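Starting from the structure of chain A, add chain B where the hints point.
For the protein sequence lines, the chains are A and B, in the order given.
Start counting the first sequence at 393; every next residue gets the next number (our numbering).
Start counting the second sequence at 3; every next residue gets the next number (our numbering).
None of these hints come from the bench; they were simulated from the model.
Here the structure is a predicted model, which means the values were calculated and not measured.
Nothing false has been slipped in among the hints.
Going by beta-carbon spacing under 7 Å, a handful of chain A positions derived as facing chain B:
#1 L454
#2 T465
#3 V469
#4 V470
#5 A474
Yeah, the Cβ is synthetic: ideal placement off N, Cα and C, and Gly gets one too.
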Amino acid sequence: MPPLSMWLYVASPGHRKVRLWLPLFLLWLLLLPFVVIALVVAVIVDSVLWIGGQRYHHYTLLLVRCLELISDTRGLVVSVNADAPGEDSSEVHVAIS
Amino acid sequence: MLASGKITAEEAERLLDALDTRAASGAESVPSAETIPAAQSAIKGDATPLLNALPKYLYVKVDSVDGDKVDVKVPLALVRSGLKLTSLIPPQAMDQINEQMTDKGISIDFSNLKPEDIDELVLALREMEVNVDAKNGDKVRVYCE
Chain A
393 MPPLSMWLYV ASPGHRKVRL WLPLFLLWLL LLPFVVIALV VAVIVDSVLW
443 IGGQRYHHYT LLLVRCLELI SDTRGLVVSV NADAPGEDSS EVHVAIS
Chain B
3 MLASGKITAE EAERLLDALD TRAASGAESV PSAETIPAAQ SAIKGDATPL
53 LNALPKYLYV KVDSVDGDKV DVKVPLALVR SGLKLTSLIP PQAMDQINEQ
103 MTDKGISIDF SNLKPEDIDE LVLALREMEV NVDAKNGDKV RVYCE
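So that you can see chain A by itself, here it is in the shape it has in the complex (with noise of 0.2 Å):
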């Protein structure tokens, strides 16, 4: 399953402070139908190279297997906390899930 959201908080010194929840499965939706042309693109050329006996016809499988590592971001999360001294912390943290 793709990560459904994102979380990114942004702390530095002297700037705003940057709260951000972003509704990936919203941004999913939106990209699936391309997703799915995609698919049949590649299905095709697939096709047409696996009857052309060409070696390599596995742009379905590539693609396939791109979106999983996509899916696999889930749980990613970066935690940077950087202290200057004499000044405030900044701060970057970044959750996938």
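Below, chain B alone, put in the same frame as chain A:
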């Protein structure tokens, strides 16, 4: 059961292997003739124990004496998917990649990486732990769980 002819020697051996597995998982019930099929299914490829044993995340924690802190949690499924993706790289591109890596002294052929190799690699990562305590007080910890 073997002596009474209820099971063959091969089945007895598999049952003993299953007993070892069940003992490791803390099961208290004693396998009987009725549970042999269950034991056999465990031997033949019940992936649940393996999946539970596989580490799920790679953690990188950096604690600097200056006060900087970095925490990274990477799902190992991402690493597995990335390795599976390498097996689909077109042969022409893979040849070039392998050539470049060999020139750098790394002789790994990603096209020969099988899914069981990837699981074995990820399972081995469970035992990996890197702890660095620098002279200036910086601490780095890398581990999988």
